[in-house]
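K.L.:
Letter by letter, the chains look like this.
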Amino acid sequence: MEIMPTPTYTLIDSVTLASSASSVTFSSLDTIAAGYRDLVLVVTGTASTNTFYRFRFNSDSTNTNYTYVQMIGTGTDALSAAVNDANAGSLTTAESNSLIQIMDFAQTDKHKSYLYRNNFTSVRAAAGRWSNTAAITSIQLAINTGTFNAGSTLSIYGIAA
Amino acid sequence: MSLIPLGFWAASGGGAGAAAFDLLETQTLASSAASVTFTGLDSYSDYKHLQIRMITASNTGTVVYSKLNGSASGYYIHYLTGNGSNVSSNSFSSTYAWIGHADTLTNAFGASIVDLLDFASTNKTTTIRSLTGRKGSGSNINLNSNLWNSTAAITSMEIYPNSGNFLAGSRISLYGWK
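Here the protein sequences come in this chain order: A and B. Under the numbering used here, think of the first position of the first sequence as 52, with each following residue one higher. Under the numbering used here, think of the first position of the second sequence as 41, with each following residue one higher.
Hints were generated in silico from the structure; no laboratory data involved. We put the beta carbon where it would ideally sit given N, CA and C, even for glycine. Be a bit skeptical, because a hint or two may be false.
Unchecked claim - To spell it out: a stretch of chain B is covered by chain A in this simulated footprint if at least three of its residues, at any positions, have a beta carbon under 8 Å from a beta carbon of chain A; those stretches are: (1) 62-71; (2) 87-101; (3) 125-138; (4) 164-175; (5) 184-197.
Just chain B, with the same shape it has in the complex (with noise of 0.2 Å):
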């Protein structure tokens, strides 16, 4: 069975036309770094969210960190997490945003799909949310939410695993939602 593409909002029923859903930029590694960077977002203010999806391996690494134009204050996590043996949730403000996870077992990645909502606003505080997971060398799916407690538009994200690096093949794509 073959169909026409059709764009997803135009699929979903959202009007016909302009496509929402616009691939923007994206990094693949082809060696190892200790982060990556969007910048120059501010050049996307037509959009209305950001959405990240990235996939990600680390030598010894297991979450994803960010931080939102440079700063190391004001961020506030909540998460709900299943380990594989029982689900548990907290909150604690932070100097980074937790929005992924990363894998260490050989040829296994973490998945994460993080939406940053109303990025460019500036009379509202930033939120960002998260799917994320692995199952390789540790068993975690998460639902996140992280408040940056800044009315800033958001003009770069340094994206970045809770240590050592990302490895050659992690993919990390930017997305903008009108």
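This is chain A alone, in the form it adopts within the complex (with noise of 0.2 Å):
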């Protein structure tokens, strides 16, 4: 169906750590990302030590609920694996990205989709399942080992569709 063109990618929130943080919180995602089918998260930054990140959907914490297959390129080699975790993305003490983008995050009809790529000491292009047909209304990026430094940015973006 053709539609009128809307404007899009929006920039629904973002936050610079004034001080070191194990996580980061976006919620009422309900609210403020009402209207939107997909979510761009972007994070940029570094970590208090070479670490990587979990999503929390919804505060689901049972990382085997999350599953993913990477694809990384570390310089010398190219490796893939296979994953029941709920990784999305690694970050170090040196300047670190990911892109992550979420698809159809509010649908009850279908567990949630999501890929990424992340640079960091090697180069990853990932994809995910978060086993849940539920609308994810908050999503926790919590560090597994150590902080967020002071100065990252997490932002979240959105996508109508």
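Using the supplied hints, reconstruct the complex from the two chains, each of which is provided in its own coordinate frame.
P.N.:
Here you go:
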């Protein structure tokens, strides 16, 4: 169905950390992201140690409810793995970044699929799934070890469909 | 924390005013379908690039193909893929462009983001690139690049699974990028 062009890819929220934090949460997505179909998370910054962070959709911290497949280029090797975990990207003590696409985040007829690209000491692309049909109303990015350093920025955008 | 919504272009420092990324059309399937087609793309020639964002399930298909302007010739595919065990790359000529993945596991959908670069140009061949994957009935993450060896402006795009149908709930959206 053809519709009138609608400007989209809209910044919903952005946090630049004033002090270190072990997690960042975007909540009330059913309100602040209402009307959008996809979400894009952009993470740029550093961590207190070389580490990774996980999704916590709707506070679900059971890692095996999430699954992903990745391919990584380390500079010397190309690797792939499929893992039942909520990995959302890696972060190092040097500047790293990740761009995460969460598709149909509020639709209740499907599990939630996501894609991301992550640059750290390696380059990574990944596809994952949260095995739950619930609408995502909150997203926490939780560091596995250490903290996001002050100055790190986490932003969330909405894309209509 | 709340912010006043900003257009992405403005948010990324690209300049004030005009939006850069517009939703043009979307098709969400209420029932299964063998394909989805966007036509009349020449009406979007004020956009430089197009993007397809899609989330697709199928009864039997695991990858998603596309034909431009109804053509079944002149496609060349390069891909880099990870299947959970190893990473590989290949290239081949084709009768279609390979743009995405579908999933056959109940409630699981493949996700694909596809860029059609300079789609209205008549002085260059067409490039379609995609980031696509699925983690359900199979494990795949791909970076694909397709050449369509034609300088014709793209006026239509047919999107279909490699076998079977798209299932209800599959959603394919078209965006324009200025």
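K.L.:
If a hint holds in the structure, say so; if it doesn't, say that too.
P.N.:
Comparing the hints with the structure gives:
As drawn, the region 62-71 of chain B meets chain A at 7 residues by the rule of a beta-carbon pair under 8 Å; at three or more, the given contact holds. Given as covered by chain A, the region 87-101 of chain B passes the check, having 3 residues with a CB less than 8 Å from a CB of that chain where 3 are the minimum. Counting residues of the region 125-138 of chain B whose beta carbon lies closer than 8 Å to any beta carbon of chain A gives 3, which meets the minimum of three for the stated coverage. Here the region 164-175 of chain B counts 5 residues with a CB under 8 Å from a CB of chain A, which clears the bar of 3, and the coverage holds.
Only residues whose beta carbon comes within less than 8 Å of a beta carbon in chain A count, and the region 184-197 of chain B has 0; fewer than three means the coverage is violated.
Hint compliance for this structure: hint 5 is the single one not met.
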